[in-house]
Amino acid sequence: TRKTFMDAFYMQFLLNYVKMVTSLSSPDQKYYGAYIRPAPLCKENLKLELICDIYGFPAQKSMITINGSKRPAFQLAQPLSSAVTPIGWLSVDVSLLLDFYKGNKKALDVFIQSHALTRLKERLDLLDQEAINYALWENTHTISQFVSYHGYLLLPFKVFGVKIGYLVANVAEDKLLFRTFLFITHNSSPEGVRLRKLTGLGKEDITYWKIDRLSTFVKLKEEKYPGLIELFCKAGLGKLMELKNKEFNIDSMQTANLDGLTEYINRGKNEVKLMSLDLDTMVDELDMSLECNSLSL
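Residues 31 to 327, numbered by my numbering, are exactly what the sequence shown covers, in order.
Hint data in this document are derived by calculation from the structure and do not stem from the laboratory. Incorrect hints may have been included.
Said to hold, decoys possible - In silico lysine-lysine, BS3-like type, Cα no more than 25 Å apart, as pairs:
hint, residue 1, residue 2
1, 49, 274
2, 254, 274
3, 188, 135
Let the sequences and hints guide you as you build the complete structure.
Have a look at this one:
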């Protein structure tokens with residue numbers, strides 16, 4: 031039916047919108063948002079016309095005191111679709127923070143240090159900046175659970191559905207702050223601790239042999255190093271082997287996450303929607319116009 035076609039068209043339009051703004055938005059540079067709406071209908075000449083206003087928001091930088099020193103951090107956001115709020119600043123419910131927060135707020139704003147952004151670029155070395163921006167959004171726009179480990183909150187970080195590391199967070203000045211990014215082999219991660227116990231590899235060894243880089247595991251030849259693969263699997267790193275057949279670019283990452291993107295568009299308060307657009311009304315008016323034209327003939 032015509033309505034089904036139009037619904038599919040709008041969904042694809044919004045998917046492309048979300049793909050674009052999430053890959054271009056960087057917390058330490060600029061966030062992008064858009065207000066999407068239909069042009070006024072003209073009954074004499076019914077046609078579909080969309081108006082899309084693009085907004086840019088400069089990075090929101092704060093100086094947060096950590097261990098007695100002021101550190102720069104940037105607030106995280108996500109795209110919405112509203113003339114008033116084209117983007118929404120991220121927050122996390124304090125119920126997820128276990129015993130790490132003792133204050134009275136119900137939710138804390140989410141920030142990330144420049145150090146964490148640098149580590150993401152270094153350790154996800156197969157990803158360009160757009161893909162890193164998208165991966166950061168994908169892993170933070172809906173936070174539902176942390177791992178408490180050695181005095182830190184760890185947020186699992188996934189690419190193509192495979193956990194490849196953790197964003198390390200703690201609470202400072204009533205803010206949730208991501209301080210760094212650990213590749214999953216790092217000896218401060220749960221899997222990295224198991225790997226160290228199995229192999230005796232220390233922090234310097236992990237860096238020297240470059241097994242704290244995405245590229246190392248993607249290029250790893252299983253048939254050449256079966257013993258090494260077995261150790262990785264015992265440490266809980268076996269799923270990293272699934273990444274070797276992936277194409278690490280923004281298009282393939284977004285295509286692999288179409289279900290997640292669609293869910294984001296359709297979800298309650300974070301829904302990205304065409305404001306003031308009534309598809310049923312538009313379809314009805316179009317049908318009535320076609321019927322009238324048919325009768326006049």
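Status of each hint after checking the structure:
For the hint linking residue 49 to residue 274, the alpha-carbon distance of about 24 Å falls within 25 Å, and the restraint holds. Between residue 254 and residue 274 the alpha-carbon distance is near 14 Å, which keeps this suggested pair within the 25 Å criterion. Restraint check: the Cα-Cα separation between residue 188 and residue 135 comes to about 29 Å, which exceeds 25 Å; the hinted pair is violated.
Going down the numbered hints, you'll see the structure goes against just number 3.
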